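Participant: Chain residues, written in single-letter form:
Protein chains: 2
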Amino acid sequence: MKVSILQDTFFPGAWEDNFKKISDFYKKACREKVDLAVIPTDALCGFEPKSLLEYTDSSDKIARLQKKLVREVNRSTALVFDTPFALDGSFMPSLCVAWDSCIQFSVSQIPECDTGLQGNMFEFKDTKILLSYLSGSFVLQASMDMVSLTEADMAIFLDARPFMVESERERSRFICQVAGMFDRMMYVAQSGGQAGRVLTGASAYYRRGECCVQFPYFKAHTATFDTEAAPKPQRKTPAADKEIALIHDALVCGIRDYFKHNGIKKAVIGLSGGIDSAVVLPLAVEALGRQNVSGLMMPSQFSTDHSVKDAAKEAENLQIYYEIIPIEPLYKAFMKQLAPVFKGTPFGLAEENLQARIRGNLLMAAANKTDAMLLNTSNKSEAACGYGTMYGDLCGGISVIGDLYKSQVYALARYINRKKEIIPQNCIDKAPSAELRPGQKDSDSLPPYDLIEKVLRLHLEEKKDEKEIVKEGVDKEITQKVLGLFYRNAYKRRQTPPVIRLSHTVLAEDTEIPAAYKRK
Amino acid sequence: MKVSILQDTFFPGAWEDNFKKISDFYKKACREKVDLAVIPTDALCGFEPKSLLEYTDSSDKIARLQKKLVREVNRSTALVFDTPFALDGSFMPSLCVAWDSCIQFSVSQIPECDTGLQGNMFEFKDTKILLSYLSGSFVLQASMDMVSLTEADMAIFLDARPFMVESERERSRFICQVAGMFDRMMYVAQSGGQAGRVLTGASAYYRRGECCVQFPYFKAHTATFDTEAAPKPQRKTPAADKEIALIHDALVCGIRDYFKHNGIKKAVIGLSGGIDSAVVLPLAVEALGRQNVSGLMMPSQFSTDHSVKDAAKEAENLQIYYEIIPIEPLYKAFMKQLAPVFKGTPFGLAEENLQARIRGNLLMAAANKTDAMLLNTSNKSEAACGYGTMYGDLCGGISVIGDLYKSQVYALARYINRKKEIIPQNCIDKAPSAELRPGQKDSDSLPPYDLIEKVLRLHLEEKKDEKEIVKEGVDKEITQKVLGLFYRNAYKRRQTPPVIRLSHTVLAEDTEIPAAYKRK
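Just so you know, the sequences run in chain order A and B. If you count the first sequence from 1, you need to add 19 to reach this note's numbering. If you count the second sequence from 1, you need to add 19 to reach this note's numbering.
Keep in mind the hints are simulated off the structure, nothing from the lab. Remember, it's a predicted structure, so these values are computed and weren't measured experimentally. Glycine included, each C-beta is placed from N, C-alpha and C at the ideal position. Be aware that a few hints might be false.
As the list claims (entries may be wrong) - Partial selection, computed: residues in chain A whose CB lies under 7 Å from chain B:
hint, residue
1, 356
2, 360
3, 388
4, 484
Take these sequences, add in the hints, and give me the full structure.
Facilitator: The following block contains the structure:
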């Protein structure tokens with residue numbers, strides 16, 4: 020059987036674009052005399068169309084394009100797709116197979132099925148094919164008691180799934196496991212950045228449990244092959260353990276596609292000389308091109324010499340345009356205007372925040388003036404602890420590393436420097452500092468970053484409470500401090516930019532803290 | 020039968036406080052020889068404890084306090100309450116009645132029941148009592164085919180429900196309707212502000228369909244009365260049609276409780292002389308006291324004379340502290356520092372936003388320095404159209420009128436001025452302007468506010484699409500403009516403060532727009 024697979028991004032709202040992608044793909048498949056053309060979950064309607072489907076124009080449009088698509092389908096090349104509608108027109112994801120201008124087979128998703136597999140069987144050109152979704156929260160359970168399982172000549176699984184570091188290994192292992200249960204197995208998934216999520220891609224074809232065709236992560240790709248004479252089995256699904264490489268690629272893809280979809284070409288980044296902005300810069304350059312990225316260094320009287328030096332060195336390594344704008348004159352001007360309110364009070368939080376907000380203001384001004392988007396450079400560890408200034412360093416159109424703990428940011432820095440020194444070694448070696456008062460270090464206000472991460476992972480991923488975290492060996496005082504900061508600062512995270520998702524625990528989205536809740 | 024009702028706010032996380040409130044109330048009821056002590060939905064666990072229940076310490080604590088509470092309950096005064104746990108310990112809201120140190124009766128919520136009523140019956144002191152929740156989305160349907168309905172001597176409905184203008188009439192009508200079906204009927208609900216929502220309160224007791232006891236909206240209140248000899252029937256549930264008075268009271272309560280719960284006493288407001296800040300100011304003064312509210316006027320070279328004059332007049336009417344800080348020196352200082360980036364480009368959006376962000380920076384500095392919270396003064400109409408500057412006028416700890424259309428803001432202004440002129444008439448009469456460039460008016464960039472509201476209401480409340488809105492008589496071009504602005508500017512709303520909820524359509528929370536979606 021000759022098969023074509025389309026792996027790509029499909030946006031909700033861009034119905035005509037989605038239709039054209041599918042239609043072009045199908046026509047090419049016909050020219051190549053393909054038997055089965057397969058596209059991923061949510062292709063026509065776009066990934067997670069959410070409330071758009073409540074509107075008649077959207078649902079009508081999708082339904083109309085779907086009919087048009089089905090009419091185009093001929094007798095010899097079947098199209099496998101899914102649709103947000105059940106056969107009765109209600110909203111219920113359904114898998115469909117069309118040939119000869121008709122939907123010949125359709126099966127609705129069974130919302131709860133604890134095998135992690137749902138599906139049913141159709142027959143085309145004497146081949147019995149099991150068609151299924153890979154369920155959202157797949158359960159690693161080999162015992163699938165579907166009759167169809169043993170009868171199927173081939174299984175096709177459609178998917179669209181945001182990349183998550185901690186479950187990627189599980190996902191790829193599960194695919195292999197399922198592949199081992201079928202003579203031939205095909206996995207077809209959406210790929211690419213969508214509003215802060217990066218869809219995994221990594222579609223694949225397996226014969227007798229061996230991977231024959233492996234699509235790339237994140238990138239659009241198509242392939243046509245014969246299921247019987249597919250390329251010799253390659254080595255097993257690669258790269259799933261190269262975690263940091265995947266994180267890197269996901270972030271680059273996330274930035275690129277977010278900008279592309281928003282119709283913005285250029286990025287502005289505030290370069291402090293610290294590790295966070297030092298890591299975001301090369302990611303942005305890879306995603307958007309060096310000519311589209313510019314940096315602003317905004318030293319104050321509290322900035323150390325190496326801050327501007329390190330930042331400038333990296334900007335020169337990457338050959339990007341940058342400006343140095345000292346904030347002291349602005350800070351002084353503010354202090355003068357604020358005199359009636361500040362009235363000779365001592366230097367404190369207000370003055371620290373003021374500096375950060377002057378920088379935010381300069382960055383947004385530069386972004387507005389040059390039609391650019393400001394990239395936010397906060398990391399997950401500091402955001403969790405509220406270590407940042409609202410409307411200051413928490414500004415930005417998208418947060419690039421907001422779902423990475425500080426240790427992951429360092430790992431990413433080393434990965435970026437794997438071939439040559441792009442990020443100055445000093446950015447990696449020096450102690451983190453916000454440089455908002457003389458000699459300030461992050462460690463003055465925060466517990467060590469490795470312990471922050473440990474507490475947060477236990478609390479967010481494993482849902483362990485204070486007592487249980489202490490039982491895991493973390494000091495009680497530190498546990499209380501981190502959890503206290505985490506809960507008290509939810510209000511700051513509420514107003515931060517969307518974050519490129521890399522985990523199940525994106526702070527502002529997945530940690531549903533009652534806003535009124537105060538931890539003692 | 021002698022009855023005590025407790026209407027109050029209960030916060031998730033404040034388990035001990037909640038316990039004490041209930042326990043004190045119950046002990047007082049015992050001293051008064053009450054037969055039934057009734058508390059609202061979610062009393063012990065707090066309103067919507069969300070993810071807190073996933074943690075052992077929280078669920079253990081609630082379970083422990085619940086056991087303690089039940090042990091306190093004696094034979095002659097039964098306690099009616101609800102709990103997040105079903106009898107098997109799983110999370111499933113359950114209604115309970117305890118006496119003699121035991122839970123004597125318990126019924127779990129049936130998740131879907133299209134009568135809008137759920138309940139079952141217990142007997143205490145020879146009285147058959149139907150116990151029920153008022154379902155979240157109640158359905159106005161008189162046909163309740165529960166056997167118990169006709170047998171019950173009394174019905175008790177527990178509730179906790181955020182106030183929503185557009186469904187308040189429906190809620191109060193429904194209560195009356197249900198009251199008419201029982202000989203005696205009691206409605207017991209939580210009241211007060213919680214994280215941007217204001218729980219309705221308005222608990223009540225009805226005899227033969229006539230309201231005998233009516234609790235206030237929003238405020239904490241307790242009452243003890245005899246169900247047989249309750250005060251003479253008063254006139255029917257009042258005030259439900261005094262919509263603007265309820266909006267006013269809800270906002271005052273929302274501000275007061277948000278500050279109280281966050282442990283903040285003082286508020287800062289930017290006073291532009293426009294209608295929005297002019298309306299927020301007296302609400303804040305009523306909620307927090309005039310000594311806790313201060314205003315900042317920040318005129319620029321584009322500010323009209325009346326701006327500062329009107330704002331100062333209102334500040335003096337309300338006797339609050341205010342300062343005037345001109346932003347021109349700061350604007351000039353920024354323009355000087357930004358010269359390498361701006362390079363002689365013409366005045367545009369970047370310069371407009373810069374002014375708004377200088378103001379945001381000054382307001383946040385004043386708030387930080389005085390331990391105050393900045394109140395955001397954006398309204399729903401402009402927020403929907405993205406008419407505001409991120410990190411500028413969109414700053415703040417809470418948005419007071421972010422769920423009010425411009426017409427409602429004017430109505431509120433007139434209501435505030437009902438006895439005497441607090442808001443200068445000129446603020447109400449003059450054309451709205453952001454005053455960020457010479458002679459600017461909102462109407463230069465936006466369609467008329469009444470049409471913006473019409474399009475938004477049809478789109479958000481009635482889920483009508485463009486074609487359907489035009490069919491309702493709105494000009495096509497205006498419809499397209501408003502919907503275009505609405506979808507294009509979702510990214511701004513993503514980073515705005517929490518809004519005091521007054522409707523089902525809070526912009527950033529209830530309108531789930533795929534962030535990548537662009538309307539053509």
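Participant: Hint by hint, say whether it matches the structure.
Facilitator: Do the hints match the structure? See the list:
Checking residue 356 (chain A) against chain B: minimum C-beta separation of about 5 Å stays under 7 Å; hint holds. Restraint check, residue 360 (chain A) versus chain B: the minimum CB separation of about 5 Å is within 7 Å; hint holds. At its closest, the beta carbon of residue 388 (chain A) sits 4 Å from a beta carbon of chain B; the interface hint therefore holds under the 7 Å criterion. With a least beta-carbon distance of about 4 Å to chain B, the hint placing residue 484 (chain A) at the interface is held under the 7 Å criterion.
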